[in-house]
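There are 2 protein chains.
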Amino acid sequence: MQRHSPSRIAHLQSLARLIRYHSLNATSRAHSGHLTSSLSAADLMTGLLFGGTFRFKVDEPDHPNNDRLIFSKGHASPLLYALWAAAGCIDEQELLSYRQFGSRLEGHPTPRFPYAEAATGSLGQGLGIGLGMALNASRLDHLPYRTYVLLGDSEMSEGSQWEAIQLAAYYQLANLVGIIDVNRLGQRGQTMLGHDIEAYARRVAAFGWKTLTIDGHDMPQILDAFRESAAERSQPVMMVARTVKGKGISFLEDADGWHGKALDDDQWKQALVEFSGVDRELRGTITAPEDLRPERATPQSAAVPHYEIGKSVATRTAYGAALTRIARQFPHLVSLDGEVSNSTMAEIFAAQVPARFFEMFIAEQNMVEVALGLSRRGKIPFVSTFAAFLTRAFDQIRMSQYSQANLKFVGSHAGVSIGEDGPSQMGLEDLAMFRSILTSTVLHPCDAVSTEKLVEAAAAHDGMVYLRTLRQSTPVIYDNEESFRIGGSKVLRQTSKDRLTLVAAGATVHEALKAHEQLQRDGIPVRVIDAYSIKPIDATTLREAADATGAIVTIEDHYPAGGLGETVLHALADRPVPVTILAVQKTPMSGTGEELRDFTGISAAAIVKTVGRLVTREHAGAIAGRDRRH
Amino acid sequence: MQRHSPSRIAHLQSLARLIRYHSLNATSRAHSGHLTSSLSAADLMTGLLFGGTFRFKVDEPDHPNNDRLIFSKGHASPLLYALWAAAGCIDEQELLSYRQFGSRLEGHPTPRFPYAEAATGSLGQGLGIGLGMALNASRLDHLPYRTYVLLGDSEMSEGSQWEAIQLAAYYQLANLVGIIDVNRLGQRGQTMLGHDIEAYARRVAAFGWKTLTIDGHDMPQILDAFRESAAERSQPVMMVARTVKGKGISFLEDADGWHGKALDDDQWKQALVEFSGVDRELRGTITAPEDLRPERATPQSAAVPHYEIGKSVATRTAYGAALTRIARQFPHLVSLDGEVSNSTMAEIFAAQVPARFFEMFIAEQNMVEVALGLSRRGKIPFVSTFAAFLTRAFDQIRMSQYSQANLKFVGSHAGVSIGEDGPSQMGLEDLAMFRSILTSTVLHPCDAVSTEKLVEAAAAHDGMVYLRTLRQSTPVIYDNEESFRIGGSKVLRQTSKDRLTLVAAGATVHEALKAHEQLQRDGIPVRVIDAYSIKPIDATTLREAADATGAIVTIEDHYPAGGLGETVLHALADRPVPVTILAVQKTPMSGTGEELRDFTGISAAAIVKTVGRLVTREHAGAIAGRDRRH
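First to last, the sequence lines map onto chains A and B. Residue numbering for the first sequence follows our numbering, beginning at 47 and increasing consecutively. Residue numbering for the second sequence follows our numbering, beginning at 47 and increasing consecutively.
Bound conformation, chain A alone (with noise of 0.2 Å):
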């Protein structure tokens, strides 16, 4: 235990103070938000921003070397902004707007703030997303920051955190110490563990981390862990702190009820009265890090993708074909996977690019906050995993949209074509999903050329990105010369005479050109778009081909809500013309790819019968009506 100079701790105790006068204020302000969580944590963010461990240039706060603090707990938002009021970084005045609309002191923090490294305020994300950021600084920029993140207490139920705890551990991430707030009080009375620290330091250690156990209000023991966990040279650190939920305002202090109230103006004023006297001109002082940067690789152009047309190819073959050609056009790209790498043939970047590829096991949640880490850290994942098991980490996916992250989602194994597995492995509503997002974009190539383009274009375009592929081979329908666009689509067929256009992508482009073949023979012209691009569709094509052969019918290995019928009635729901939307419309089961598409109307002959149906109606119609006029 090191000696403190009485100052030094009288400093730091005082600028506490002002922090919690600050996370008093801009609350009871705003009449909302979370005063008693942040109240438990102001001593150990004193004690880590302004003790001496930390190190942060104020006035960059995007430098690559800062140390990295994420707030896991993010609802303590009014703690996050009053620490950096007490550096000097934003106005006391710009406190009082906290929660307004257009303030960028947001109730639960997101990089408008920006000091805040990601959007938080779903429990349980923070850890796995500074372990993304630790394992950036240990593996990929080879600097010596360090990545704080605070935890609630009540988080640490989510699975996600022991996720994160296990991966860490594994890559023995030393770079990265938690900070629990062990406050007792849960969101509607006592948290699993109440106030037992030795029993969430246990669990800890037991997955191999350095566990430190501290009374989260003593200062010198709260500057003493910090200096210990920033030695630790071999394993994570834990710091587990025993805290009192509303500390510093007397009648708030371990009492229940409080949790997200903000008080009124008669408490407000009771509580003023502890905090008279408070130094409003007192200022913390932060070092800055060393001014060391990654060195940054010069992108280097690729190779063009070789494929022969007719040649059968799996586009998830393609799709780890792709990530290891552009590799050294995008130094910053980096390839996660879900321990199902020989499936979604991210395999093949890791063969050849190891230094950039991370398994991250069976830990969906955890690998997209990772994902999210990195990606904050300057770099381009690729995520990928069954289609189907990306919906495990919906919720880390939906937050990551509010963190301005640059990922790209690759899903395997879209549909029922999958086949034997069964229904557990089948992507069926993750189109859905990524539509769902409002800034997404969502690609699904047919072959393995377009599959190839796609892939680039996903890495070159600044935002979410989801390219789904396909378990089983398709032929190669395109040349290796051929240009895709997000946005884009390509009209596979198409006569003068077309009496509806067919829309599809991934496997149903396949069942709609044999759809095409056999309609011909009958003859019936039908236009075929591959609409690679789910989102954004390409309106413009759609529309011609609305206007040119009056009907459409879409084709989609996916359930029938959310996915490409309904981006395609979106797109003309202006000036619509009838739509058919064939989708699985059965539960499916096992059998082998061929029988499922029969058995669930999404098969090259469900398309003709579909056809003839449409065609003949329109017939009778067009008979029935010119009848009338006669």
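Everything labelled a hint here was simulated from the structure, so no lab data went into it. Please read these numbers as outputs of a predicted model, since none were measured by experiment. Check before you lean on any hint, since a few could be wrong.
Copies of the same chain look alike in the list, so a pair counts if it works inside one copy or between any two.
[Stated by the list, open to error] Quick list of in silico lysine-lysine cross-link-like pairs, DSS-like style, CA-CA up to 30 Å:
#1 Lys315 - Lys256
#2 Lys307 - Lys632
#3 Lys307 - Lys256
#4 Lys357 - Lys307
Following the hints, position chain B against chain A.
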């Protein structure tokens, strides 16, 4: 350590050999399936089912007092089917239908196979399902059955397992036994911990479970461990078994690269040599349990709700009230909440009917798994948290559809209307998520009365229901006697001269009514429909409105894809009219609900503006058309 008779051990070993033989044949015949994953657990499962501990009435798989066996490692389905063949419950011949189209022996088990307790196959979910069944035995049915869950080692990296581990210890469920099959090899190489069974045991023990470590191929050890587990009275039990992947077929044992691979015909022949002399007539016996059945409470009719028209009530509050009101009408209804019951208002039920409320803490994945387990045992779980946080459990929600589950999900805090907490807490993708499940029902009532009625309808409905509630209060607009059916809607305003139809749900119904007032003053009559049943949507009423008014504007507090607007488009797709979709078109931030609805384009003002534009365009078009004809 008990002494076991040599003949007994020999019998069990022979059974295990037969079971391995069945697994080999089933997968080899199918040319598909996870053989090595099945072989590693064969001795464990043989010892469990036929060793004298397990209690099961084989001709009544759904007997309420049967012990329950769940294969969390669902890909070991060959083993599951082989076990029950050895019990004499299915034909050896049927085993050869494994993975074939139409067979009930699917690639991953579903309850189409009567001895599968639930559909598994997406890893990491079985322990929570088992927890639900154990909770049912202990707290609801009050029966002595035990629940056993076979776990893979790779899937222990899934955080959901640790959610279950925490909660089972907290609830002191001594009737829950997990068995980890530590065979060292994952899908593409060694797991994080390899064969270190002590490491697994230490981790689980730190959470308060009793742990036993054994050699998973030593039958006496296996029998002793199960006997010891069954005697446990105060803690859940985890058996950690060191096993060999591929055990029983020499060229597969502990060999990497065989995960998920079936043998080809030559390899099959080679393997069969190792089973020469296998006794195919051998059968194992299982003792039936005590014929205890739970008390069946008699449903009693519920009181009717009493709300005053015009009064402001939050639909989330009406939810809590409704659940409480109908509790005695549905004696098997239970409530699960993720530590936000004072936000979702499930706390109203918790206070009145505490025996049927279960706090799940902040662990949404496990909450849904537990709900599935309860549902499989005949309960009707209402699972509540913020709509946004239901995305945390999308994989569990997705998987539940394959278990013939009867789950009711209740997501509160819908949309930007929640205000200052900001987007991390806002449900903006939840309608799309729930619509995407093939067999789901999606309801979004706009006032307290309709909420009460739809909670009843949800409870009475057989199948998955999602009910979306609001944080903010809304005026009661319906009479207490009004009836609301799944698939229905309410036409709130209509005339014979309506220029178009507004279709809304939840908060936007009230925006639409405000807009209607303004438009009426502007001399533009519009129809207003409350589409409280988003799925199935009331296509008939929409069709009437489309035919009568010629155009539709939909308004939802939700992102644009996959929600109300696209539902309406889909319902009218065969004979469409122009549809304008108003939805949240910008990334929200903190602010008041009103400010945010304005900012994102779903307020009454936005509706009025849109209608004005459409009506002008239409009018201009009509004039142009008229001018052209002259």
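A quick look at each hint next to the structure:
1. Lys315 - Lys256: Neither way: Lys315 and Lys256 sit 43 Å apart in one copy and 52 Å across, limit 30 Å.
2. Lys307 - Lys632: between (47 Å within a copy, 28 Å between copies)
3. Lys307 - Lys256: This pair counts as neither: shortest intra-copy Cα distance 35 Å, inter-copy 40 Å.
4. Lys357 - Lys307: between (64 Å within a copy, 25 Å between copies)
The structure is inconsistent with the numbered hints 1, 3, although it conforms to all the rest.
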